[in-house]
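Protein chains in written order, with the working numbering: chain H, 21 to 360; chain W, 21 to 360.
Please keep in mind that the hints were generated in silico from the structure rather than gathered at the bench. Mixed in with the good hints, there may be bad ones.
When chains are identical, the list treats them as one kind, so a pair holds in a single copy or across two.
[Stated by the list, open to error] 20 Å max Cα-Cα, derived EDC-like pairs, lysine to aspartate or glutamate:
1. LYS221 x ASP278
2. LYS24 x ASP199
3. LYS24 x GLU246
4. LYS27 x ASP199
5. LYS90 x GLU321
6. LYS295 x ASP253
7. LYS27 x ASP121
8. LYS221 x GLU165
9. LYS295 x ASP222
10. LYS274 x ASP217
11. LYS24 x GLU266
12. LYS25 x ASP97
13. LYS196 x GLU31
14. LYS27 x ASP97
15. LYS196 x ASP217
16. LYS196 x ASP253
17. LYS243 x ASP121
18. LYS24 x ASP97
19. LYS243 x GLU275
20. LYS25 x ASP199
21. LYS24 x ASP121
Number of protein chains: 2
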Amino acid sequence: MPQKKGKYTFELTTTPAVLGYAAVVGKKEGEGPYGKYYDQCHNDTTLGESSWEKAESRMQNEAVNIALRKSNLKNTDIDCIFAGDLLNQCISSTFGLKSLDIPFLGQFGACSTMAQTLGIASLFVESGAAGRAAAVTSSHFCSAERQYRFPLEYGGQRTPTAQWTATAAGCVLLGKRQDNPGAKIGLKAVTFGRIADFGIKDANNMGAAMAPAAAQTLMDFFKDSESSPQEFDLILTGDLGFIGSELLEEILGKEGIDIKPVHNDCGMMIYDREKQDVHAGGSGCGCSAAILCSAILQQMEQGQLHNVLFVGTGALMSPTSSQQGESIPSVAHLVYLTAT
Amino acid sequence: MPQKKGKYTFELTTTPAVLGYAAVVGKKEGEGPYGKYYDQCHNDTTLGESSWEKAESRMQNEAVNIALRKSNLKNTDIDCIFAGDLLNQCISSTFGLKSLDIPFLGQFGACSTMAQTLGIASLFVESGAAGRAAAVTSSHFCSAERQYRFPLEYGGQRTPTAQWTATAAGCVLLGKRQDNPGAKIGLKAVTFGRIADFGIKDANNMGAAMAPAAAQTLMDFFKDSESSPQEFDLILTGDLGFIGSELLEEILGKEGIDIKPVHNDCGMMIYDREKQDVHAGGSGCGCSAAILCSAILQQMEQGQLHNVLFVGTGALMSPTSSQQGESIPSVAHLVYLTAT
Numbered sequence: 021m022p023q024k025k026g027k028y029t030f031e032l033t034t035t036p037a038v039l040g041y042a043a044v045v046g047k048k049e050g051e052g053p054y055g056k057y058y059d060q061c062h063n064d065t066t067l068g069e070s071s072w073e074k075a076e077s078r079m080q081n082e083a084v085n086i087a088l089r090k091s092n093l094k095n096t097d098i099d100c101i102f103a104g105d106l107l108n109q110c111i112s113s114t115f116g117l118k119s120l121d122i123p124f125l126g127q128f129g130a131c132s133t134m135a136q137t138l139g140i141a142s143l144f145v146e147s148g149a150a151g152r153a154a155a156v157t158s159s160h161f162c163s164a165e166r167q168y169r170f171p172l173e174y175g176g177q178r179t180p181t182a183q184w185t186a187t188a189a190g191c192v193l194l195g196k197r198q199d200n201p202g203a204k205i206g207l208k209a210v211t212f213g214r215i216a217d218f219g220i221k222d223a224n225n226m227g228a229a230m231a232p233a234a235a236q237t238l239m240d241f242f243k244d245s246e247s248s249p250q251e252f253d254l255i256l257t258g259d260l261g262f263i264g265s266e267l268l269e270e271i272l273g274k275e276g277i278d279i280k281p282v283h284n285d286c287g288m289m290i291y292d293r294e295k296q297d298v299h300a301g302g303s304g305c306g307c308s309a310a311i312l313c314s315a316i317l318q319q320m321e322q323g324q325l326h327n328v329l330f331v332g333t334g335a336l337m338s339p340t341s342s343q344q345g346e347s348i349p350s351v352a353h354l355v356y357l358t359a360t
Numbered sequence: 021m022p023q024k025k026g027k028y029t030f031e032l033t034t035t036p037a038v039l040g041y042a043a044v045v046g047k048k049e050g051e052g053p054y055g056k057y058y059d060q061c062h063n064d065t066t067l068g069e070s071s072w073e074k075a076e077s078r079m080q081n082e083a084v085n086i087a088l089r090k091s092n093l094k095n096t097d098i099d100c101i102f103a104g105d106l107l108n109q110c111i112s113s114t115f116g117l118k119s120l121d122i123p124f125l126g127q128f129g130a131c132s133t134m135a136q137t138l139g140i141a142s143l144f145v146e147s148g149a150a151g152r153a154a155a156v157t158s159s160h161f162c163s164a165e166r167q168y169r170f171p172l173e174y175g176g177q178r179t180p181t182a183q184w185t186a187t188a189a190g191c192v193l194l195g196k197r198q199d200n201p202g203a204k205i206g207l208k209a210v211t212f213g214r215i216a217d218f219g220i221k222d223a224n225n226m227g228a229a230m231a232p233a234a235a236q237t238l239m240d241f242f243k244d245s246e247s248s249p250q251e252f253d254l255i256l257t258g259d260l261g262f263i264g265s266e267l268l269e270e271i272l273g274k275e276g277i278d279i280k281p282v283h284n285d286c287g288m289m290i291y292d293r294e295k296q297d298v299h300a301g302g303s304g305c306g307c308s309a310a311i312l313c314s315a316i317l318q319q320m321e322q323g324q325l326h327n328v329l330f331v332g333t334g335a336l337m338s339p340t341s342s343q344q345g346e347s348i349p350s351v352a353h354l355v356y357l358t359a360t
């Protein structure tokens, strides 16, 4: 049974097991610093589909199917699937996963979706509600760009604070610890975030909008669990990018919490910022999903990383809310992963 | 601890308690057959706000605050809030609930959102993860119409199969049974649906698209729980409307399951179809939320209804997917409510 610890943290006493995971990415991501870690890199980012939206759906479907295959499981072995994405009405998830015939619970946490789905799935497994559960998400540069910003053909200039939406999908499969005693990676705690809104309105500077949410959730977790940054090998935010990462370290620094020595950000990792011309870094649900579901979980399995805090950050705005002059409320959800 | 029963149903052995609930609606809904049951009816459906989207956010905020007040609880008493709506990136929920400062988990189940949020919240409470949890949703005719169909000013004609998106919000607060032994209403089981897609492409006939999903989830539940329709006082779908309701009864009839004597549909209840000129009935996340969180829960508390199956149905499409020629995948989630 999950145990509430402090005000916002759920301790997972059984340490639900990571049974499998997969990351599927596009060409630019495959050419990035973590290219060799992904399960699948598509040089044609249409994936042969007739629209960017259909391509994104297919990436999500591939991520689940590869994760199932790697863990010798079938779709019917999964009790429920938690999935979401950035597209209006989460159509990447719906259309990508409908053929799997698994009870489907659509999630919306913007770029925090990988952490949100993983957190809820872990509580379902911990509580015995699900024997096995899947957490999935995706984003696609081209489907996101035309929905949130401009048609690609317009060739709009990007500001230095802008982040590049990753073309990527990731999936993690979880199962009960008692059924999988040999699984190397488990989940130890979850902290779900409250919405933070510091009044930032610049939709081209999401990092700054999301940093306060990440700081709040991390502070909640450290307080609830009576722990400190140096107890972890890695505090992995996703995706604050360059601006947001500096801001997060600064906010926490003022509170006397120094995460710098162990902090990294998926948005800073997925691309070579200079060579790949992505300005403040990567973003999109698929960015943190791809980094977590490749290099990070692989390094945990290989014993290079032991205790990892994965903090997904999401900007909960829409083009409509921005056009109506609203600020950008943000949220951050934290998952504590451990490797034995 | 939740117990898996059959393949898709979770039995809630502690029967999590309904601590409070509230429904807030617009003018047309207040003038409908259930007008007297709602907590708040707004004659000005802008609620004095500068946009329909902000009005919808405010309805959601009011629903939560009224439910809290009615159950003598404060926002800080709630461990997490599950909320979603129809607007792109679920902005009604985000902006409506950000001031509450409660850990926020955005959900997307289209018009099934009330059942989805209630189902997940009940599992969180049952498992002990949350001491108290809130389930919330909303829709607004004007914000939905301009997002999904046409600007209101265009005055587009509606087809006979079209449903009218309700201007409404609903909230249910749940708590542990052991802490609330006197609570009259509890949740006994949850069945999360798989996505059903029968190839229907007419976005003005959502009822037909969603009926197969409702039939599938109901059949899953009856099979898993070894029960039959006559064991329930009410099987309440939301929102299939006139066409979808007939279709659901027909599909189940062919399987030898007769729900007709106990079946009603929130989309058929919320308006007077003839006098209020709503064609096939009501729809929108707020429709089933408002009916459940007013008349139904009140009648359960007063002993008029004992065993109710609440089946939220959602059409998981977007204008983009429809414009790309895709069909309308649907989902239905079931919650079994009981009154003592």
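Comparing the hints with the structure gives:
1. LYS221 x ASP278: Neither: 28 Å inside a copy, 54 Å across copies.
2. LYS24 x ASP199: between (24 Å within a copy, 16 Å between copies)
3. LYS24 x GLU246: within (13 Å within a copy, 35 Å between copies)
4. LYS27 x ASP199: Only across copies: LYS27 and ASP199 sit 18 Å apart there, 30 Å inside one copy, limit 20 Å.
5. LYS90 x GLU321: within (14 Å within a copy, 50 Å between copies)
6. LYS295 x ASP253: Classified as neither: same-chain Cα gap 28 Å, cross-chain 66 Å, threshold 20 Å.
7. LYS27 x ASP121: Answer is between; shortest inter-copy Cα gap is 12 Å, intra-copy 37 Å.
8. LYS221 x GLU165: within (18 Å within a copy, 26 Å between copies)
9. LYS295 x ASP222: neither (25 Å within a copy, 47 Å between copies)
10. LYS274 x ASP217: within (19 Å within a copy, 53 Å between copies)
11. LYS24 x GLU266: neither (31 Å within a copy, 46 Å between copies)
12. LYS25 x ASP97: between (31 Å within a copy, 15 Å between copies)
13. LYS196 x GLU31: This pair counts as both: shortest intra-copy Cα distance 15 Å, inter-copy 18 Å.
14. LYS27 x ASP97: between (34 Å within a copy, 10 Å between copies)
15. LYS196 x ASP217: Neither, since 36 Å and 31 Å both go past 20 Å.
16. LYS196 x ASP253: For LYS196 and ASP253, neither the intra-copy (25 Å) nor the inter-copy (37 Å) Cα distance is at most 20 Å.
17. LYS243 x ASP121: between (41 Å within a copy, 17 Å between copies)
18. LYS24 x ASP97: between (29 Å within a copy, 14 Å between copies)
19. LYS243 x GLU275: within (12 Å within a copy, 55 Å between copies)
20. LYS25 x ASP199: Intra 25 Å, inter 19 Å, cutoff 20 Å: inter-copy only.
21. LYS24 x ASP121: between (33 Å within a copy, 18 Å between copies)
When each numbered hint is compared with the structure, violations occur for hints 1, 6, 9, 11, 15, 16.
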